[in-house]
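Asker: Given chain A, work out where chain B should sit, using these hints.
There are 2 protein chains.
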Amino acid sequence: MVETLKDIGEFGLIARIDALLKREGVQAPGVSLGIGDDTASFRARPGHEILVTCDCVVEGRHFLSRHISPVNLGRRSMMLNISDIGAMGGQPLYALISLGLKNETPVQDIENLYRGFLVELNPFGASIIGGNLTKSGNGIFIDITLIGEVEEGRAVRRSGARPGDVILVTGYPGQSAAGLALLLESLASEDQALVKAYNNPSHRAREGRAVALTGCATAMIDTSDGFVGDLGHICEESRVGALLNQEKFPLSDDLRKAAQKLKKEPWQFFLGDSDDYQLIITCRPEHVERVRSAIAATYEGPVTQVGELTTAEQGVRVVLADGSERALSAKGWDHFR
Amino acid sequence: MVETLKDIGEFGLIARIDALLKREGVQAPGVSLGIGDDTASFRARPGHEILVTCDCVVEGRHFLSRHISPVNLGRRSMMLNISDIGAMGGQPLYALISLGLKNETPVQDIENLYRGFLVELNPFGASIIGGNLTKSGNGIFIDITLIGEVEEGRAVRRSGARPGDVILVTGYPGQSAAGLALLLESLASEDQALVKAYNNPSHRAREGRAVALTGCATAMIDTSDGFVGDLGHICEESRVGALLNQEKFPLSDDLRKAAQKLKKEPWQFFLGDSDDYQLIITCRPEHVERVRSAIAATYEGPVTQVGELTTAEQGVRVVLADGSERALSAKGWDHFR
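Residue numbers (the numbering used here), protein chains in the order written: chain A, 735 to 1071; chain B, 735 to 1071.
Worth double-checking, as some hints may not be accurate.
[Claimed, not checked] Simulated pairs of lysine-lysine, BS3-like, Cα-Cα distance not exceeding 25 angstroms:
#, chain 1, residue 1, chain 2, residue 2
1, A, 836, B, 869
2, B, 740, B, 836
3, B, 998, B, 930
4, B, 995, B, 930
5, B, 836, A, 836
6, B, 991, B, 930
7, A, 869, B, 869
8, A, 930, A, 991
9, A, 836, A, 930
10, A, 869, B, 836
11, B, 740, B, 756
12, A, 998, A, 930
Read the hints as simulated data drawn from the structure, not as lab findings.
Bound-form chain A, shown alone:
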C-alpha cells in the first residue's frame, strides 16, 4: 500500500515536511520564525535590499508527471526562481512553497519534491521558511516565492542599457529547445546532451551575482523567455534597439547536428523559446573583459559577444551570414498565445 496524502492529511504532511527540512535542509541566516505560525519572519541585513520573485509550474502545462521524477521536478521549479534572483545579482535566502496537490499523491513523491528543492537551495545556505498546501481539482501545481538579498544599489535591472553597449550571452541558449524537439520527434535518447539540457536545466545565478558585484553590467536578464524574447525585455525597459550578428551566435556541434536532423536552421533554436536559463548581459565595450573574468571564476562555458545595442528606432535586427539584415519580432514566450 502506497501511503498517500489522504492517509496522513494536511497537518500530518506539514509535520513530515518540517521534519525532512530539519534533517536534510540548512538554516538560512536571519530567520526569526519558520514553518508553524501565521507567517514566517526574518530580519533583513543592514545595507541590503530584499529581492522577491515567484514562479509557478503547472502539471500538463510545464511538465508531465510521467516524464519527470519528483526530485527533478523540485529542482526545476526551484531553479527557475534562483535564476531570477541571480539575474538581479542577488543571493537566494528564503523560499515559500505553495503546492496544489491531489488526495492520491504519494507522500513519498512530495518528500522527494522537497528533496529536489533542497538540492538547489542548500548550496546557497537558503532555506524553506513557509508555504501553503491545498487540494487541486486537476493536476498539481508548484508555486514558489523566493526571497533574496543584494547589496544596496548593486541590483542589475533590465532598464539600464544604453546604445553602444555590447550584448553578451552565457552558454548555448537553444540547447534545451532542440532537446525537447528531439524528444518530441523520438530522435534522441535521455543521455543525449541536448535532451539532458532540457531535462536538467541549470541556472547561472552565481555568475549573475559575480557580474553584479563588478558594477560593470548595465542590464542583465535570464533567458527564460528565449533569447530574443528576453533581449526584447531589455530593449523595452531600456528603450534601446539591438543589432545582432548571426555569425557570432554560440552554437554547439550537438545543436548543429540536431538542427540538421530536425530540418531547421540552428540559429532559430538560439533565438527562440528555450528553457535554458542562461544570462544576457549588456555592458560598455571596455568592461567586457571584467565581466568575462567574473563569470569564468565559476563557469567553464562560453561568454559570447553576439551584438550591440542601438537606438530604439532601429528595433531588434540581425545581420545574416550573407550580409543582409533582417528585423526580428521581440516576441518571447507568451503563456496565452
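Answerer: Coordinates of chain B only, in the frame set by chain A:
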C-alpha cells in the same frame, strides 16, 4: 465580443494590470523595483522584522466562479493573507500575485479581480509589486504572497501561551459556517446577515496589530481553521491545554435562529470549521482590559473571554451548561481529509 486573455496575451495582460495598479493602487514605501524585472525589490525599515505568508484559493475547491464576483474573489483572497499578517501584529506592505488562468478568461474579470485586491490593500498603503501569470488546465487559482513588517520583538506567535492565561476571541466565529449551511439548504437569501458573513468575510488585522503593540498578548492566531482547530494550534505550539466554558461562547441571535432551522446546536458552529477570520488571543488575566481597549479602538464587535489555558495533560475540554465536561478533538480544517 468579450475580450479574453487569448486576445491580448500574457504581456498584454501584464501591461494592462500594470496600468490599472498605477491608476487605482497606492505605492507602498520602500519599494525600489516593482513589476517589470526579474524580481521586485524593497528596502526593509530598520528596527523591523519582515513577515511573509502565502495562501492560495482554487476554483472548485474554495470558490465557484458562478457564485462569487471577481471583485469579491479578489477581496477574499487578499483578506486571507492580510488576516495572517495581522494575527502576527504586523502591517501588510507588499503583495505578489500568482495566477493560474484560462485562455477564455475575460480580461475584465481579471481587472476586477485586481480591483478586489486593491480594495483590501489600499487602506493599508500596501501595493502589488510582482507576481506570475500562467495557464492552468482546469480551474483558475489565485496564490498570494503577502509581505509585511512588525517592530522587532513585537510579533505575537502561537507559542507563547502559558497555563492560567485567559482565552479571548473577537466577534462571532461560526457565523460564516452557518451562513454557508443556510445557502446549501436554500434557507436564506443573500442579504441575510450570516450569508453576508460567508460571502464577505472581513479580517481583524488592525485589531491584531493594536493588540501586538500593547505587548500583552502571549499568543494570537486568526480563526481560519475554525475556533477549535486554531485554539489547537496554539495549544500544540505552546504545549498547553484549554478549558472552555460553553455558556460564554459568543452566539448571535441570528446564529441561534439559524441553528434551530438547521437542527444543530449553535455552539457547534462556534467551535467548528468556519471562514470568519476572527482572532483568538491569550493573555494574563490582569491584561484583559488592555487587550479589550486596544481592540475597541477600531472594532465594535464583542471580545469574549471563553475559557482559560491549562496544562497540556488536560487537553482541550469544554464545560457544558449542565456542568459536565467533554474533551474536544483539536482537529481543524484539514485540506486532505
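Asker: Decide, hint by hint, whether the structure agrees.
Answerer: Here is what the structure says about each hint:
A distance of roughly 19 angstroms separates the Cα atoms of residue 836 of chain A and residue 869 of chain B; the hinted pair therefore holds under the 25 angstroms criterion. The straight-line distance between the Cα atoms of residue 740 of chain B and residue 836 of chain B is roughly 9 angstroms, inside the 25 angstroms bound, and the hint therefore holds. A C-alpha spacing of about 20 angstroms is found between residue 998 of chain B and residue 930 of chain B, which places the hinted pair at or below 25 angstroms, so the restraint holds. Distance check on the hinted pair: residue 995 of chain B and residue 930 of chain B sit about 18 angstroms apart at the alpha-carbon level, within 25 angstroms; holds.
About 20 angstroms separates the Cα atoms of residue 836 of chain B and residue 836 of chain A, which keeps this hinted pair within 25 angstroms; it holds. Straight-line distance between C-alpha atoms of residue 991 of chain B and residue 930 of chain B comes to about 16 angstroms, which keeps the hinted pair within the 25 angstroms bound. With a C-alpha separation of about 18 angstroms, the suggested pairing of residue 869 of chain A with residue 869 of chain B holds against the 25 angstroms cut-off. With a C-alpha separation of about 16 angstroms, the suggested pair residue 930 of chain A and residue 991 of chain A falls inside the 25 angstroms cut-off, and the hint holds.
Taking the CA atoms of residue 836 of chain A and residue 930 of chain A, the gap is about 29 angstroms. The hint is violated against a cut of 25 angstroms. The suggested pairing of residue 869 of chain A with residue 836 of chain B holds, with an alpha-carbon distance near 19 angstroms, which does not exceed 25 angstroms. Simply put, residue 740 of chain B and residue 756 of chain B have alpha-carbon atoms about 24 angstroms apart, close enough for the 25 angstroms limit, and the pair holds. Distance hint between residue 998 of chain A and residue 930 of chain A is fulfilled; the C-alpha atoms sit about 20 angstroms from each other, no more than 25 angstroms.
The structure shown violates just one earlier hint, number 9.
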